Every structure is written in C-alpha cells, then in structure tokens.
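Since chain X is already given, all that's left is putting chains Y, R and S on it; use the hints.
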Amino acid sequence: MLLIPCPWCGPRDETEFSCGGEGHIPRPADPAALTDPEWADYLFMRKNPKGVHTERWVHSQGCRRWFNVARHTVSHEILAVYKMGEPPPETGADSKQNRT
Amino acid sequence: MAEAYLRLSALAHLGLEARAVADPGEAGVVLSERPGRGQIDLRGEAEDAGFLGAVEQAIGLALPLEAGTTASGGAATALWLGPNEWLVVTPPDGQGAAAEALRAALKDLWAAVTDVSDSRAVIGLSGRHARDVLMKGCSLDLHPRVFGPGRSAQSAVARALVLLHQTDEAPSYDLYVHRSFAEYLWLWLEDAAAEYGLAVVSGG
Amino acid sequence: MKKYSIFSLVRNAVSYHERWSEAWRSPEPKGAYEVVIVGGGGHGLATAYYLAKEHGITNVAVVEKGWLGLGNTGRNTTIIRSNYLWDESAHLYEKSLQLYEGLSQELNFNIMLSQRGCLNLAHNQHDLRQLSRRVNAIRLNGIDSEILTAGQIKALVPILNCSPTARYPVLGGSLQRRGGTARHDAVAWAFARAADARGVDIIQNCEVTGIRRDGGRVTGVETTKGLIKAGKVGVVVAGHASVLAEMVGLRLPIESHPLQALVSEPIKPVLDTVVMSAAVHVYLSQSDKGELVLGAGIDSYNSYAQRGSLPIIEHMLAACVDLFPIVSRLRMLRQWAGIVDVCPDASPIVGKTPVEGFYVNFGWGTGGFKATPGSGWVFAYTIAQDRPHPLNEPFSLERFHTGYLVDEHGAAGVAH
Amino acid sequence: MSPQRHRLAAGGRIDRSRPLNFTFNGRRFEGYAGDTLASALIANGVTPVARSFKYHRPRGIVGAGAEEPNAIVQLETGARTQPNQRATRVELYDGLTAASVNCWPSVNFDLGAVNNLLKRLLPAGFYYKTFMWPPGFWMRYEYFIRRAAGLGKAPAAPDPDRYDKMHCHADVLVVGGGPSGLAAALAAGRTGARVILADGQNEFGGALLDGGAEIDGGPALDWVAAAVAELEAMAEVRLLPRATVAGYYDHNYLTIVERVTDHLGAAAPANLPRQRLWKVRAGQVVLATGSVERPLVFADNDRPGIMLASAAATYVNRYAAKPGSRAVVFTNNDSAYRVALDLAEAGIEVAAVVDPRPEPEGPLPARTRARGIEVLGGQAVVAAHGGGRVAAVEVMGLDQAGGGVIGESRRVRCDLVCVSGGWNPTVHLFSQSGGRLRYDDALAGFVPDRSAQAERSVGAAAGTFALADCLARGFEAGLEAAAEAGFRRKGRSRRAPKAPAQEEAPLRPFWVVPSTVARGRGTKHFIDLQNDVTVADVALAVREGYRSAEHLKRYTTMGMGTDQGKIGNVTGLAVLSELVDADIPSVGTTTFRPPYTPVGFGLLAGREVGALADPVRKTAIHRWHEDRGAAFEDVGQWKRPWYFPRAGESMHDAVNRECLAVRNSVGVMDASTLGKIDIQGPDALRLLNWVYTNAWDNLKIGRCRYGLMLGEDGMVMDDGVTTRLAEHHYLMTTTTGGAAGVLAWLEMWLQTEWLDLKVHLTSVTEHWATVAVAGPRARELLSALTSDIDLSAKAFPFMSMRAGTVAGVPARVFRISFTGELSFEINVPASYGMAVWNAVMMAGEKYGVTPFGTEAMHILRAEKGYIIVGDETDGTTTPGDVGMDWIVSKKKPDFIGKRSLSRPDTAREGRKQLVGLLTQDPKEVLPEGGQIVAEPEKKPPMKMIGHVTSSYWSASLGRSIALALVYGGHKRHGETVHVPLIGKTVSAVVSEPRFYDPEGVRLRG
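So the protein sequences, as listed, match chains X, Y, R and S.
To convert, note that position 80 of the first sequence is 80 in the numbering used here; the numbers rise steadily by one, no gaps.
To convert, note that position 57 of the second sequence is 57 in the numbering used here; the numbers rise steadily by one, no gaps.
To convert, note that position 201 of the third sequence is 201 in the numbering used here; the numbers rise steadily by one, no gaps.
To convert, note that position 778 of the fourth sequence is 778 in the numbering used here; the numbers rise steadily by one, no gaps.
Quick caveat, the hints were computed from the structure, so don't treat them as lab data.
Keep in mind the model is a prediction, meaning the values are calculated, not measured.
Glycine included, C-beta positions come from ideal geometry on N, C-alpha and C.
Just to be clear, a hint being listed does not mean it is correct.
Said to hold, decoys possible - Straight-line alpha carbon distances no greater than 25 Å define the calculated DSS-like cross-link-like pairs of lysine-lysine that follow: (1) S:K153 x R:K154; (2) S:K758 x X:K83; (3) S:K938 x S:K971; (4) Y:K107 x S:K938; (5) R:K65 x X:K47; (6) S:K938 x R:K95; (7) R:K95 x S:K153; (8) R:K289 x S:K119; (9) S:K758 x R:K289.
To be verified - Below, a sample of chain X positions facing chain S; criterion: calculated Cβ distance under 10 Å: (10) L3; (11) R27; (12) A32; (13) W39; (14) A40; (15) Y42; (16) L43; (17) R46; (18) W66; (19) H76.
Next up, chain X with everything else stripped away, as it sits in the complex (with noise of 0.2 Å):
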C-alpha cells in the first residue's frame, strides 16, 4: 500500500486518496477550434508510461486538495510531490528513458 506524502497533511495512506490520473493535461483554450481528433486526444488519449508517470491526486479524505505526484509505475517509488500549477520536477519523466 502506497505512503503518499500529501504537500500539506505529510505522509498517509493511499486510501485517503484518490488518483485522478496523468497530470498536466491542460484544458483546450478552445475547444470549438479544436478537430474531432485533436479534441479526442484531450479527452482520451493518454502516456500511460511505463516508468515514471506525472499523475494527479487528491487527499480526497483528509484536506481535500489536489497535487501532483511523480511515481515510478514499476516501482510505484514516489519521486516527488508538488503543488497544481507548478511544472514537473526533473526526475527522467520521459518515457523513453525509463523503460525498464
């Protein structure tokens, strides 16, 4: 069971949270100018990296507030944590590199 280190409550248990998947996916400006595809790539289309994957949490049972995490999808090793609006840390997050 994974230890998350919430930025503000510290380390509890991944069952406070909740995973709302790949981070930094921003919200098209405008989506009406946006192709079917284009628009399908914001909605659907994800890394799903085998290695370290920039993700979205929230301490959906304990303060409530989103943030970033870094975690290895092999190792589930938590790189970082960090605040929403800030960019990722340097941690390898290039899938091709981290192919295990």
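Structure of chains Y, R and S alone, referenced to chain X:
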C-alpha cells in the same frame, strides 16, 4: 434560535443517556456523544494577514496555520482542515453569534463562513485503551511522539470519514463524523472496544 | 502433432511417458515472415492459429518477450461468458464463447471448459432494472440469459447469504447457463500446440524493441533476437499496449492498472456456479482443484507492476464473507495481480491503424480471457483481409474521435 | 486412552504437569501443554497422519513448522471447523479434535489409494490429454474430479468468531524471533526506537528452542529469557509471539497474522478476537526469517517416518517426542550430524549417517564417529522400503560426479530417516518486497541480493548460519535500522551477544539420488509431497516443452499446494536445470507472492461484516419512518423510505394511495439525502456557467434554476436545482447518488484548472434536513406552520426560495417541485428535522397528509416526464437524447462537455431518444429494462430499437405509463412498437414523455 427541546442529536435514538454511567470503573474504553456544539466552516486566505487579523478580531482566535493543529481563543476552538479551511467550534448555540461576527468582519474579503453545526456529530472517546480502539480502524500514527494533545487530523475510522481531535494527554479524543455516519461509527466503536470493556458516559 | 487421447495416454504409460514429444517447437526466428504477431498470450497464439487455419497463412511468427501465456492469460480468474449489454459486444463475445465450446476437440487439448453457469447478483432496485435491461437485450440477441428470483438463486447457490436483512441483500440475479470457466494455461498451451502444428513459429524470450517502418508502412520488428522482417505486424499485448504503440508514435486511450485476484486453499466442493456481484466488486468460482478463485476491482492508479494494494483485497473479502458467510474460515493461499489495459468505454480496440500493415488488438481491460478465441479469430481476419470483420468493426481506434463508444462499464465494471 | 509411548522421560519444553486430552481420527490421546498437534501425534506414535493429494499414498509428518506439506488436518467440527491446518503449527489445547483430510473411509484404509495403482496413467497434466471424448462430456468427468480434489471441508455454518485489525507504525519491524532477530530487536530497542518483534511461534528463540547452544558463556535459552525480559521492559517495544508476518507490500507496509486465541480452544475468553491482523507501516525492516531445511530426493522418499533432520531434532529436543526408534541420517552437510548426536543422546539408535561427501571430516563427523555411529561417506540412500511406515533404506555408493550408483546395495533397517539436503534461506518476504535474489553456490540456494525497500536480511535468511555470526550481524542490523529510522545508540554502548565459533565443512550440492532403476520406472522420487509431483513428472514436463520454471509449476502443479513448495521448490528448480542443461540461476526462481502462510478470509475481512459491513446512512427523520413500518430501499449507502404500507396493504396499494394523496391533497417526503453544496465567492457565477449546460447570468437573488451537468464527454452526469442566496452565494443541489461525486468534480476543476476562480465550496448535505410538502393543499398546510413567510403565489412564486421560520425553526423554504404539484421543500438544520416533520404531520392531519416514499416519487415525476439520472440516462446519454436541448445554451462559448456534443456520433440524428410509451392494453405494465423492437415477428437475434427506462402503474391516470429510450424516438411519436417478453409480446404506442398536466399549471398554482 428555536427551542432547544425541539432538537435531536444524531445518536439520540440509541438511548445513550439511559446507558450512561457516572463512573466508568474498570472499563478500558469510555464513549459519549457530545451534542450541540456550534460548528462553522471558515474559508479564507491563510497568507492574507488581513484575513487572519479580521478573524482574530471577530472571535478572539488566531487561526492555526500548520496542518493538523488546533487553536483556542475566545470561546472557540479552530481546527485546521486545509490550507484555507478551518472548522470553528463554539459552545452550544454559540455558532450564530460567531458566524455573524465573522461575516461582518470578512465581508470585504474573499472568505466564506458556513454554519455546519448539524453536519457532524461528535463522539467522545477516552479511557486507557482509547488509542488502541482508534488504531483498529484508523491508519494515522497516533503515537504521542507524533500526535499529542491539541493535534487534529482528517482521516478515516473504519469506513467513516472522521475529523479527529486529541483533547488531552490521557488520551481523550473528539471524533467529528458526518451525521448520517454517526450511528455506524458508534456501533463500530462499541464493537472494537468490546475487547477492553466499554462504558458509556454522558457527554452533554 | 501426436494426438492426445486416453489411448495415447495408455500407450505412453507402457513406455513410462518417455515418448511424448514437445507440445510446440522452440525455433530460432527466420529472417522474415509474412506476419509477425507480437505477444505470445492467449490472444496472440489464437490469432496465429486462426491465421493458419482460416486464412492459410502459415508463414507466421509469434514473438513473446518472456514465456508464452504467463501474462494476463495466466493471471485471470478464468471466467467465460457472453452476457454483454450492447449488440456489438454481445456478438463478439458470443462468437468467442461458441468457439470455446468446440475448442478442446478442435485443438485436441482439454481446456476444461466447464459451463457451470455464470450468475450476476442484484442488490438493490437500480441493479434489478439494469439487470432486466441486460437480460432482455442478451436474450433478443439470441444468447442465453435468464432472470432468477432470490429463491431460485438460493437453490442454485446454497452457500449464498440470501437474508433480506443482509447489508447487500440478494434481490435477484441473472444467469447465463453457458457461462463458466476454462483452464487458462491450457487455452494458451492448446493454441500454441495447434498453431505450431500448422507451421507457426513460436519464439519465446524474444522482446520487441522497435517497429521498422518504410514511409507509412510497417516492414518488420526489431527484437532482442535481431531484426525480423514482416509485411504485416499484429500487436496483441495485454498490459503493454501503450509501450508498443509508442514505438510507432501512436497515442492510445488506454491506461494500465493492476487487477488483483487470489485463491483459497483447496477444499471440497461448495460452489458449482460462477457468482459475480458488480455492486460489491466480488466474483468467485471454485476451481477443479478445489480452490476458491476470487477477483477484485482494479487498483485506481496506473501501474506496470504485477502487484496491487491490500485494501482492495480486504474490501473484497469483507463483501465476500458477508455474501458467503461460510468462507470466513477459509484462507487466502496466494494473491497476485495482472496488468489490465483499460479503455474509457471498457471495450477493446481491435483493428487497423494509420500505419499500413500494423494492426492492434488490445485494451481488453478486465475481460480478455473470455474473448481469447473470438479475439484471435477476428484479428486473424483483420490481418489477413486488411479490413476488420463486421464483428470487430465497431472496436476501432477511430471510435474515440467520433464518439461511437461501446460503453460496457456495466458489464465490465466488475472485473472478470 | 493409550499412554504417550514415544515420549521421552525428561527434557523438552513441554509441561508434563499439564496433560491435555485430544482426539485424532476419532481416537483419544494425551499430550502436554507446549506440544503441537504434530509433536503430540509423534509422542503417541501415530502414523500415517495423512494421505497425499493425488495418489492417496500414506504420509507422515515431515517438518516441524510452516513448511509441513503432509500433515494437513481438519481441525474441530461444526461452525468452528477449520480445514487444511498444518499439524505442526497447531498448538495443542485440551479437548482438541482433528482428523486427516482427503481420505475415505480412513487414513489407514483409503479407497482413493486406487489412484496409486493407476499412477502410470496419471502423469503430470494427464487431464489435458484426455476426457475430451465424447464432446461435451467433460463436465461429467469433472464432476468426479471435483469431488476427488480439495483437501479439507469448509464449515457449513457462519463463523462464530470475531476478527480484529490493528494499524501500527514502527521505526523498526523485526521479523523473526530467533537469535538474529532477538539481537536486532535488542539493539534497536535500546536506542529508544519503536520496535515490533514478531515471531510465528508461541515463544521467542527460534532454532535456539531446540536447546544445546551457548550464548555469552551460558545456555542459549537463558540468554533468550533475559533478552525477552529486557525487551518486555522497554516501553516502545511491542513483542508479538504467535504472529506470522504474512505479506510485504509497497512502501514498507507489512501484515502480521497474530493468533490470539487459537491455542486456547474452548478456554478462549469471549471478549477476545480469535485472530488479529496487524498492518504495519515500518520505517525499517529487519528480516530474520531463518531458513528451511530441504530434503534429498530418493526412490519412495515419501514414506512415513522420513522427515527433515532438523524436524527430528526439534521433536526430540523441544518436545521430548521420539519420531522413531532406529534412525538413518542422510545428509550432504554437517548440520544433520548434530541431529544424529541429539538422537543418540535421546536414546534413539542411529544406524548410520549416510553422507554423499566422499570423506566427511571435521569436528561434527568426528564426534559422531566417536559416539559409535557409523558414518558412510560417499554413499547415499537410494530407496526406502515399507508401507505404512518406512522399514528400511537401501544405501549405495556414489560415483565421483554423483550421477550414478556404484557397488552393492546395502539394506539398513530403520523406522526413521532424517534427511538434510542443505538449507534454503526463507527469502519469501524479501522477494515479496521486490528484492532481487542471488543464487549462492556454496549454499546451493537463493539468498537476498539487492533490496528494493528499506529492509535488510540477517541470519539464516541471509545465508548466515553460524550462531556467533547471526548474533553479531543481527545486533549490527538492529543498530543500523534504528539509526536510519533516526535513532542513535544512547549512553554507553552495549556489546553484541557472543557465541563460540563452530566449524562446519561445506555441503555437497546434491538433489536427486541416482538409482539402479531409471527414474520414473516403478519407483517415485517425490519433489512436491503435497501435490505428488515427482522427478519423472518434471522430466515429462521438460520433454513436452514446459521448460520455464513458471510453465513447469503450472503444468505439474509443483509448489502450488498449501505449503507453497517451501521444502521442494529449489529441488524442483535443480532438477529442471539438470534436465535443460543450464545452471540453476538461469532457470530462475518462481516469484514469491503473498502471503507467506495462508491468511484467513475472515481475518482479512475484519469487523467489516454483518451490521458493520458498510455504513448504513440514515437521515435525521429515519426513526419516524422505521416506527411507521416503512419499507426501505438502498440508494448508495442511504436507506430511503420506499413506501409506507398500512396494515394489509400490498406495495401496489400503498404506492397508489401515496400517489393519489399527492395529486389530490398533500403528501410529505423526506428529501434530506439530496446533495447540497454551498457555493460562495465572487466567481461563483462563472463556476456555474462552466459546469452547467445553461446560462446563469440573469438568475435573481432568491430564485432557483434547474441545471444539467455533463461530463467532458458530453454525457449527462448529474442534475439539480441551484438557488441564488445572495450576490455571490449559491446553494446547489445534486442527486442523492451524485452528492459526493459532484462536489469532488467541482473541486477538481477549481483546484486543477481554474485556479484563478475565487469560489469556495462547502458540503452542507448533512447540515440540512429536507421535508418536501407536495400537493394542491401544500400551501394550506404550510401556512399553519409559518407566520413570517408569505406563501401566496404572487409573493412566493414557483422556483424561488424564502428564508423564515417553520414550526418555530429557522428554515429555508424552496418552492420547487419534482412531483408536478404545488410543492415546498422545507430545509431546517438536521437536529430539528424530526420536530419539523412531526409538525408537518400534525398540521397536515386535517388534509390527510400522507408520507410518501421514493417509489411514489418516481411515479409522480414519470407522469411529468422528469428524468432520473441513472434511469433515463446511463452515461451514454446526451441532453438532446433526453429531449433537453432547451437547457443547452447556444450562446455560451464553452462549458464542460460542449465540444463533445458536436462529435459525429454524438451529434448524429437518430440516436436513442426519450419518449413515452402507452401500452395498447392500459392495464399492462411493461417491465423496466424491456427491450423494444419494431418487428416482433422475427426470431432472435432481433434488431432492438430501444429499451424501457421507467415503467409504472399510474393511479392518477388509471393506466400504465412508461418512459423509454428509442432510436430516433423524437420522430416516432404515434408509432406502435413492441416489447418481446418471455411468452408474450407487449405492444405500445410511442408518445410524448409527458403524461400529466403537460402545461405545468398545477405546479405553478
């Protein structure tokens, strides 16, 4: 305010007052319902000194800014809920005046004052095995080195979300739980406490 | 292929079983094939078999990075059924079930298809409405399905807690009598043996590291055993779809999650039916060896590790003990997880891609095992004919652009 | 009762002053406190104790711990019966009853043993090759196979015991209370760190419990006692005996199974749980899990009386029980020489020590010879003889390579064979933690290599066997672990415990003994005793291409038994490596998965069963409903009153009465479960415009508006009424089921996307109780309860809100309607909910006010054609599909879900659309979920054009009504469609989905 006799606490139907004993004796775990507290959900910018000052002015309380801490002042206690959220707990029927004072003080700021007094029931848990009972359903580290008097945390106890507040060294705890989950949590606590001996006391 | 039968068993007993031959060869890869199938799980092996059998294409290699059949093929809870809501799914899974029904004889390998019935429980009024909609749709699609009352369910599964005061009371259920289980390993082995007998090369311990292209056309695969040329490449990799797709720059609407399962210690028979409860995320059956086989819901986060989180198991077993009180004193012997590739509509992607000669078959989520022969059958057709069979046409990648999704969360929401 | 014939007169850790009675296979025996069931059976000379899984061969006790493959018993009877218990792990208590599993009629005469005669027909995987004819007959064969399979029996009744769970945090968790673990715990404990020491046995000491060893110049057991006493006195140390660490999960999360009362039998105190699951988050872990001896494999090595040498020593030394009277020790290493000496010491004749090493030298062989025991170097036991028990072994010389036998065979009479093929470090938990294993040639076994988590292995688990090294390394590891967890040694340092050095010669890696008969011809060399997997089975698997360790395991079932192959797996790998001509590390080890030993389902479920299975959420008015005999329906975790039957009424009667009351007079409903979200902030309006399909700009203070919320995929997600309370203050309501989800959804957007929006959201669902008063006389009723709210249609129009006092309680009253009638929803703080409900009931008495439940509510809204999210929508339904294009703003440039609505399939004509259905026979009520066809005469597969989403008997209309989603439904009004059911087809006409007061006159009245 309406007549108090019209009110029913979340656990009134369990007949806890009738079960209450004056002296818990050898019981390892002591439970009570602590009804009627005023509760206000307060939102505002923790970085804004103006907000903090206005709150202190209004209710005589410096809001706790560190996660998991509490602060008391005036007649109220504030529990940290999030980086911009607190639960202000007042004595019974104190929420109206406190909310008015807060609203007046914060009217020009981006803040929110919401009376949630009936949202949560409060269950008092004490006795020498109080911590053991909590550990059965709560994954927080409650060791005195980590979680002592004055600490609070939102977490889960079994399958209910709970705002936990340790009120003394004994340790004694107040468990704030959403009203509709209160009966479930009470029954769960009774079951978990069975191993240590249980006494119900009056918490009014 | 030496035929398996009771007679061959007796004959070989005389020679102390020293004369059995390999079930499949382990050849080194040739330099080129007409078709390379990436992924030696059940679906990939079935694809190769049907390419050879139905389309006469035998110059085929199946490349597998590890040993065949040890991914999700060997990690699922072996449930087979075709009781899906939408026509598109119902027809595809029913094709698969029909192929399963003759598979032991066709492949001459006992896959132990046991059509002991698959029961879905309803615990509230909403469940009952959904169940009725599903059963009516399945029936009108010509597939067997029936609604059972709580009383009929109690008679069928005596160990089920049917008390009206249960936390999750059993208000009714649907039964697909043709549903059941099969021996998962045997399905992979049987397809491997039969494909091999038709000339397919099964190449184990051969990991694909790149896809060769010439312009918009695929020309082969780079592997740890060297370049293998092929005019057509079919990718059938559960739990690794995104990794393979990235090799040709394809972005997928897929996320990979752990799906957990466990078995109890073996006990004498107590459960003859497969029982599933979507509401409480429990599904269980009893294997021929006597183990109760239980599956849970997926873990919420992306993962390529074949392990999951304990709370999922605790939650599932609590519901299970409540539904089946007598299992409380049984014990969990092994727990594990598979990696399931989940699409937003809980339906697979089987078809062509923008890259010519590059075909994909993945995203079966939690329900791949039951689809094994059907998936292989339609995928072989798609590769051989360079166009989807009507059965898999709705399951294209383009559906995510048009919005024509096949939303099977109701059927697949609880994993199987 | 027979005396304990095989009990030694003195010694052991049993308490001879506390005899205990027990029953095994119907016979009564006596043992002592401190015995396990296995040791008591040995003390009574009981053999065989079990039959094997496949061939039903008689079997005896092989081990003394968790590794036991054979002695699997059914413990107790009735509701407390427990299948598949290892006799070696069952502590004896007075009155214990146990029986062998999987044999009939008895363990001594088992009809299943016919399989042993047929064994040549039953090689590994035989079932894959047969039972295929005639087609479709598999399930008939399977019927018998299923009945033959399985070990013990499940109880027939619910479990009367209770189970507990405990979350726990530790700086250092030490797994295993042998010398290494005790030393580690002492070292860590002395730093003040929080330490947990868990051990599966009833007392700490591990292998030291077998006696003999020396620590710090005295008997090791004295040191153990002192160490335990010191640990017990430490405030931050938790000692858990009878506690097996079962699982090692991500981020140093481990589970421990504590057997709290299992060893007490009927004497177990009623207030204690039977078992407790400790869920430990550990800063650091020290794995001192020891090792398990492995056997040497020879022909018919499964005969009762053949056991692990260490187990024999344990029975003699710890339990004072004699596993035989004349022993042969067969070993490839020095450790079993100690066993030979112990046996001799206990008065058991040791006929010989057989050792494949050509010239066994060193102190232990020397002492053995000095004791007068014959040591047969360069030789091996090639076969065992005997039926119910081993009677003799055959010993032959080995050639240099160990691959063949030489010389004459010698028959040695014995009733006990103690085998030792070396030791496998218990690396299960290490492997579970993700750590990588390494094959150690000297040890001929796998040892921990690279750690994946904050953990270290010590002692035998790390391949360190000498006691002195175990103590030193354990102590050091304890200090290291504590230091990494932030605790340094305090005050004067205390030295590690010391033990005298021992000299041992290296083992000779040796797995399967060759014999004069080709393997698999006539005799059986067992690798996996529980699953009856032999060397010939492995050879067959390899021959057929099942060459990976994992294929081998699955094809032969090796290691898949309840013992998980703890003693046989490495041997199996060795045989495999020999057959495929590769070294052991390259054929690999199988992955160890949790749990280490089986964990009870009931324990994992904990107390979350029965009444505590899942929270039952109840409203503030629930008790009233209950007292009035309401029938409830589950909506999520809530219990909602479904209908309120009066005496003698059917559901149908009650619901009709409730509906008519609302249409004709007044009804009252508890609507407290609807979600309520308080929205405050200058950007509240912007938020509403983002998340709802319609525009909110012109909503006046005190007015309400209905809103539809979509997912980003354009599909209907939730709906509800939102009220503007003040300039920047709104109250949103959601569906009951959507309450938590909608709040989370809004928060997600605010916190992850629209960080600049100044809005605060607070759930107030639980703060308010909601009493909905609906019907033409609602106004009259309410007017008796309020003096400060003008209820007139003009002053208080439809879709508005007024604050005031109702029944003396401050309230918000919303004039909104889900029934189509004049309706007021009174919101009061939840603690007043019951009082206000009662006041409404009293005030309504003269109007015959009728409480109504969710069923009547569903009918009333269906008559009006109002959708219920989840019934008329299913996650694939757009606003247009349910005829609600009118609420989708064309002017707003964007809102959540807007873009998806213009995708080709979403915008397409002819999608499933909401219609009404009126059956041709007005008495016929369609079943909900019925599928609709246009051509009923066809046979399946039929083309389905839609389905019934809601269907009721409408008492108000005196006929049935239904809502349905039908392809192109909006253009089908007036068409006749058909719903094929079992045995009949019902025809209906497509209509507008509004059946009652379509102009909405009543609700505005």
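(message) Need the list of violated hint numbers for this structure, in ascending order.
(response) Hint check: 4, 7, 9 and 17 fail, others pass.
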